[in-house]
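Novice: Please construct the entire structure, taking both the sequences and the accompanying hints into account.
Read top to bottom, the protein sequences are chains A and B. Residue 1 is where the first sequence starts when you use our numbering, and the numbers rise one by one after that. Residue 1 is where the second sequence starts when you use our numbering, and the numbers rise one by one after that.
Careful, some of the hints might be misleading.
Stated by the list, open to error - No farther apart than 20 Å at their CA atoms in a straight line, the calculated lysine to any residue pairs in the SDA-like style are these:
#1 B/Lys108 <-> B/Gly141
#2 B/Lys108 <-> A/Asn110
#3 B/Lys160 <-> A/Ile139
#4 B/Lys122 <-> A/Arg106
#5 B/Lys160 <-> A/Ser149
#6 B/Lys140 <-> A/Thr97
#7 A/Lys151 <-> B/Gly161
#8 B/Lys108 <-> A/Ser83
#9 B/Lys98 <-> B/Lys140
#10 A/Lys85 <-> B/Thr105
#11 B/Lys160 <-> A/Ile140
#12 A/Lys38 <-> A/Gly48
#13 B/Lys160 <-> A/Asn141
#14 B/Lys140 <-> B/Glu188
#15 B/Lys108 <-> A/Glu87
#16 B/Lys147 <-> B/Gln60
#17 B/Lys98 <-> A/Tyr96
#18 B/Lys160 <-> A/Leu112
#19 A/Lys151 <-> B/Asp101
#20 A/Lys136 <-> B/Asn157
#21 B/Lys122 <-> A/Thr116
#22 B/Lys191 <-> B/His152
#23 B/Lys108 <-> A/Glu86
#24 B/Lys140 <-> A/Pro98
#25 B/Lys108 <-> A/Thr95
#26 B/Lys160 <-> A/Val143
#27 B/Lys98 <-> A/Arg99
#28 A/Lys147 <-> B/Lys160
#29 A/Lys113 <-> B/Lys160
#30 B/Lys96 <-> A/Arg100
#31 B/Lys108 <-> A/Arg99
#32 A/Lys51 <-> A/His80
#33 A/Lys113 <-> B/Asn159
#34 B/Lys108 <-> A/Arg100
#35 A/Lys85 <-> B/Lys108
#36 B/Lys122 <-> A/Ser111
Stated by the list, open to error - The following residues of chain B were derived to be distant from chain A, with all beta-carbon distances above 10 Å:
#37 Lys67
#38 Thr93
#39 Asp95
#40 Tyr100
Derived from the structure by calculation, the hints contain no laboratory data. Values in this document were obtained by computation on a predicted structure and should not be read as measured data. Glycine included, each C-beta is placed from N, C-alpha and C at the ideal position.
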Amino acid sequence: MNGIKKILLGLLVILIIIQFIHPARNKSGQGMPNDISKMVAMPSDVQGILKKACYDCHSNNTDYPWYTYIQPMHWFMNYHIESGKEELNLNEFGTYTPRRQQSKLRSIENSLKDGTMPLSSYTLIHRNAILSEAEKSLIINWVQNSKDSLKKGSLTNP
Amino acid sequence: MKNIIFSMAASILFLAACNNETKKNETTSSADSISAAAVDTTPKSQQESPINNIISAYLQLKNALTKDNDKDAASSGKALETAFADFDKSSLTADKAKLYDDIATDAKEHAEHIGANVGNIKHQREHFEPLSQDIYDLVKGFGASQKLYVDHCPMYNENKGANWISESKDISNPYLGQAMPTCGTVKEELK
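Specialist: Right, dumping it as C-alpha cells:
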C-alpha cells in the first residue's frame, strides 16, 4: 500500500466517523413569548415570507433540509445559524431594548434593499426564499409600520 | 471512486480552512483596533468628559466618511467599538449606567459592522446613521468636553434625511461624501 492510498483511506475513515458527530439541532419547540409577532401586528402574508426566507437562520427553530443530515454539511449550516441568530433572532425580538428593535428593523429593510439577504448561499438551495420585488416591498412596508408602532416617543430625534 | 473520496476530503479541508481564516481575521482585527484606540486616547480638553474616547473615535469615523474613505472608516469603527468596550462604568449612578448600556449595546453593533465592511461604504453609512442617533443621546446624557454640532442632510436615503454630529460649524457631509460635500445644515449646538 503506498502513501497516497493510506492518506485517502485515513480521510475516508474520518469522513465516516464525523457522520456520527452532530451538533444539537436548532429546534426549541417551546412557546415563543418574545417572538416579533407578539410585539407588532404581523399579517399572514408577511409571516409566510419571513417563515420561508428568514426564520431558518434567524430564529430558534430551523427547518432542516435533508443534506444537513450528512456531515460536514450540518456543521456548515450550524455556523450560519449561529451567526444569523447572533445578529437577529426573531424569536427573541421582545428581549431587545427599544433602541435595538429599531436598529434591527432598519437593518432588515436595508439588507432587503441592498440584496444582501437572504444570503445567496442559502437561496442556492432554498429557491423559494428568493423574494420577488412585490414580496420585498411588502416586507419593507411592514418594517416601516412596525418601526412606527414600536416608537411611541422612546427615541428623541435631534 | 478515488476521485469521489478525494473530492470529499478536499471539501472537508476547505471547510476547515474557512473556519481558521475567520479566526485569524478576528485576532488581527482586534490587534488593529487596540493600536488605533491607543492613538485616540489623548485628552483634548481641560474639562474631561467620560465619553471623550468614544466621541473622538466617532468623529474620526465621520471624517473618514466625508472623504469616502472606507478603510479609515473601518479602522475608526473598530476603535469606536473598543472605546465602548473599555468604557469605565464604575463611577456612574445606576440610572446613568442603564442609559449607557442601552446606548452601548446598540452602538457597538453598528461600530462592529462599520469595522467589518471595508469596500462597502454604502453599508458603513447605513450603520453610521443610527450610530449618530446613539452618539447624540450619549452626548445629551453625559456631556462632551468640546462644542459639538448636530447637522442634518435632507437628501440621504431617498430624501428621508439623516443627522450626524460634527466638531466643526462648517458642513462636511459624511453621507454623500465628496459627491456633495457641503450639503446640509446645522440643526443644533451641543455643549
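Novice: Any hints from earlier that this structure breaks? Give me their numbers in increasing order, please.
Specialist: none
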